[in-house]
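K.L.:
Here is what each chain is made of, one letter per residue.
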Amino acid sequence: MIFNEKMECAGKEELKKIQSERLVKLVDYVYTNSSVYKSKMDKLGVKPSDIKSIEDISKLPFTPKDDLRDAYPFGLFSKDIKDVAEIHVSSGTTGNPTVVGYTKDDLELWSEGVARSIACAGGNKGDMIQVAYGYGLFTGGLGLHYGALKLGLTIMPMSSGQTKRQIKLMQDFKPRILACTPSYAMYIAEEMKEMGLDPRKSSWEIGIFGAEPWSEGMRKSIEDSLGLIATDIYGLSEISGPGVSQECTYKEGLHIWSDVFYPEIIDPKTDKPVKDGEPGELVITTLTKQAIPLLRYRTRDIVTITHEKCKCGRTAPRTSKITGRTDDMIVVRGINVFPTQVEYALLQVEDILPNYLIVVDRKEQMDCLEVWVEVDEKVFSDEMKAMADLKQKITKSIENTLGIGANIKLVERKTIERSEGKAKRVIDKRSL
Amino acid sequence: MKINQISIFIENTKGRLADVCSILGDNGINIRALTIAESPEFGILRVVLDKPEEAKEILKKNGFIATTAEIVAVEVPDEPGGLAKALKALAGNNINVEYMYGFVEKATDKALMVFKFENIDKAISVLKSNGINIVDKKTALGL
Chain F
0 MIFNEKMECA GKEELKKIQS ERLVKLVDYV YTNSSVYKSK MDKLGVKPSD IKSIEDISKL
60 PFTPKDDLRD AYPFGLFSKD IKDVAEIHVS SGTTGNPTVV GYTKDDLELW SEGVARSIAC
120 AGGNKGDMIQ VAYGYGLFTG GLGLHYGALK LGLTIMPMSS GQTKRQIKLM QDFKPRILAC
180 TPSYAMYIAE EMKEMGLDPR KSSWEIGIFG AEPWSEGMRK SIEDSLGLIA TDIYGLSEIS
240 GPGVSQECTY KEGLHIWSDV FYPEIIDPKT DKPVKDGEPG ELVITTLTKQ AIPLLRYRTR
300 DIVTITHEKC KCGRTAPRTS KITGRTDDMI VVRGINVFPT QVEYALLQVE DILPNYLIVV
360 DRKEQMDCLE VWVEVDEKVF SDEMKAMADL KQKITKSIEN TLGIGANIKL VERKTIERSE
420 GKAKRVIDKR SL
Chain B
0 MKINQISIFI ENTKGRLADV CSILGDNGIN IRALTIAESP EFGILRVVLD KPEEAKEILK
60 KNGFIATTAE IVAVEVPDEP GGLAKALKAL AGNNINVEYM YGFVEKATDK ALMVFKFENI
120 DKAISVLKSN GINIVDKKTA LGL
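Note that the protein sequences, when read in sequence, are chains F and B.
Per numbering that gives the first Met the number 0, the very first residue in the first sequence carries number 0; after that it's consecutive.
Per numbering that gives the first Met the number 0, the very first residue in the second sequence carries number 0; after that it's consecutive.
There's no promise every hint is true.
Distance condition first, Cα-Cα at most 27 Å in a straight line; then the derived DSS-like pairs of lysine-lysine [what the hints assert, rightly or not]:
1. B:LYS55 to F:LYS413
2. F:LYS163 to B:LYS13
3. F:LYS192 to B:LYS59
4. B:LYS59 to F:LYS163
5. B:LYS60 to F:LYS423
6. F:LYS42 to F:LYS24
7. F:LYS192 to B:LYS60
8. B:LYS60 to F:LYS413
9. F:LYS200 to B:LYS55
10. B:LYS60 to F:LYS362
11. F:LYS384 to B:LYS137
12. F:LYS390 to B:LYS59
Far from chain F by the CB rule (all over 12 Å, computed), these chain B residues [stated by the list, open to error]:
13. GLN4
14. ALA17
15. LEU44
16. GLY80
17. ALA88
18. SER124
19. LEU140
What the hints contain is simulated information worked out from the structure, not anything from laboratory work.
Each residue gets a CB set at the ideal place from its N, CA and C atoms; glycine is no exception.
Modelling step: build the complete structure from the supplied sequences, incorporating the hints.
P.N.:
Printed below as a string of structure tokens:
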């Protein structure tokens with residue numbers, strides 16, 4: 000089902016016209032209502048009247064994440080806080096957290112983005128959805144909730160955690176859709192096995208997984224263990240939350256709702272646009288938001304984009320899954336390392352994806368890379384030789400993928416912290 | 000004849016072995032035999048317990064990786080050459096011993112040894128035909 004056929008299947012020229020009209024209006028709006036954007040544009044010598052169509056977008060200033068942190072809490076809002084209906088906060092690992100606000104219209108926009116996404120994943124009015132993203136200041140839970148409400152689904156507002164209860168209610172209510180982080184989906188499968196249940200017999204037919212980057216290998220692993228179609232949902236609270244883009248059932252890229260969230264792909268070093276199909280940083284402009292509209296927000300997510308029409312009928316451009324993060328990238332002995340590469344390497348061994356953690360340290364002026372891998376029943380053997388072989392295989396696979404060696408440490412299950420169902424993948428102990 | 004041994008993956012961190020033993024003790028499970036295979040960062044603890052299945056579930060609930068392996072408990076004369084006789088019989092019949100270790104208690108003048116074989120059924124018949132006594136489950140588990 001296509002939720003908003005007019006926008007999701009619009010012709011190129013028609014879409015461009017809508018985007019252009021919206022951008023012109025937006026620039027005028029932020030220039031008038033946000034002192035931060037006024038001074039940013041003045042500094043570049045750009046006036047609202049210079050923006051006549053979507054093609055002029057490259058004249059506008061970027062918005063890095065630091066702009067939101069520096070403006071903590073409401074400095075970047077274009078609306079008075081009294082006119083804001085809801086606030087969300089994403090935890091900052093360093094410095095201030097990021098605060099975003101929504102007017103009632105913004106909540107409507109967010110709901111629409113998620114409603115389109117759930118429908119895109121194969122959901123229909125009348126389906127039951129188990130929302131196992133965290134509810135609260137994190138946008139995952141409420142985002143899926145609002146979208147499901149708009150689409151007309153029956154909602155189980157579970158939030159994350161209480162896994163045994165999640166499983167019990169799934170068995171009793173038989174929801175068709177599961178929405179959570181991919182790592183939590185794997186955790187649920189693990190837990191079901193421990194409870195002596197067959198995860199393949201779960202009622203879920205569709206998974207809407209996001210809030211953290213995940214690979215094709217992890218998709219296969221989740222689909223095999225839970226017996227569902229695992230689709231990727233993308234979003235970030237700065238733009239609105241989940242539902243900025245979503246895979247359709249063909250799983251050939253995430254449809255980005257470009258009539259409202261305009262994407263550009265740029266080279267993060269030169270800031271110049273890259274061609275379709277070439278990897279670059281995803282930059283998004285919120286064309287219709289009111290409370291905290293952003294011009295050219297630097298997501299720091301590395302993707303490719305295509306504007307080809309999809310088999311599903313949608314013309315909404317498609318980005319690849321996130322292949323890396325400009326800030327997750329760690330440089331070890333001069334080599335770029337992405338957690339997704341480690342994930343790929345682990346999947347080459349035994350075809351399963353264990354939970355892992357990358358630890359980088361500097362010892363005697365040398366970078367050293369350690370990968371902690373959680374052992375589970377499938378790979379555990381009571382023979383030391385078999386365990387040594389496993390370790391050797393992982394070591395080789397990682398070296399082949401990354402081009403540098405890593406010390407593999409086999410650790411007990413649940414050694415690696417899971418927060419909000421979101422696994423932390425890198426610890427960098429180097430003081431540079 | 001065959002006895003279920005529980006194998007547990009443990010990290011080489013302070014107190015981890017104590018954790019396992021306390022969990023077993025708190026649940027009234029007795030350790031009949033035990034050995035640890037070690038590497039610099041982790042170990043494989045193998046134990047023969049009086050209530051193996053119950054122990055496995057409890058350990059899993061406590062977050063441990065625990066699996067079951069079939070072993071044989073063999074009575075070996077506690078005298079010079081006692082163990083050698085059993086091993087020779089096995090070697091002579093191409094039976095590979097994966098690992099072995101001794102029981103904690105000693106009830107008689109014979110030592111109780113735990114054996115893990117590649118081919119357990121063949122091993123049992125070789126031991127029997129060589130007059131080596133295999134301890135039954137009840138005796139081995141102290142039930």
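K.L.:
Against this structure, judge whether each hint is valid.
P.N.:
Each hint, compared with the structure:
no.: 1; hint: B:LYS55 to F:LYS413; result: 17 Å, holds
no.: 2; hint: F:LYS163 to B:LYS13; result: 30 Å, violated
no.: 3; hint: F:LYS192 to B:LYS59; result: 11 Å, holds
no.: 4; hint: B:LYS59 to F:LYS163; result: 15 Å, holds
no.: 5; hint: B:LYS60 to F:LYS423; result: 24 Å, holds
no.: 6; hint: F:LYS42 to F:LYS24; result: 20 Å, holds
no.: 7; hint: F:LYS192 to B:LYS60; result: 12 Å, holds
no.: 8; hint: B:LYS60 to F:LYS413; result: 12 Å, holds
no.: 9; hint: F:LYS200 to B:LYS55; result: 25 Å, holds
no.: 10; hint: B:LYS60 to F:LYS362; result: 38 Å, violated
no.: 11; hint: F:LYS384 to B:LYS137; result: 31 Å, violated
no.: 12; hint: F:LYS390 to B:LYS59; result: 23 Å, holds
no.: 13; hint: GLN4; result: 8 Å, violated
no.: 14; hint: ALA17; result: 15 Å, holds
no.: 15; hint: LEU44; result: 9 Å, violated
no.: 16; hint: GLY80; result: 28 Å, holds
no.: 17; hint: ALA88; result: 23 Å, holds
no.: 18; hint: SER124; result: 23 Å, holds
no.: 19; hint: LEU140; result: 18 Å, holds
The earlier numbered hints that this structure contradicts are 2, 10, 11, 13 and 15.
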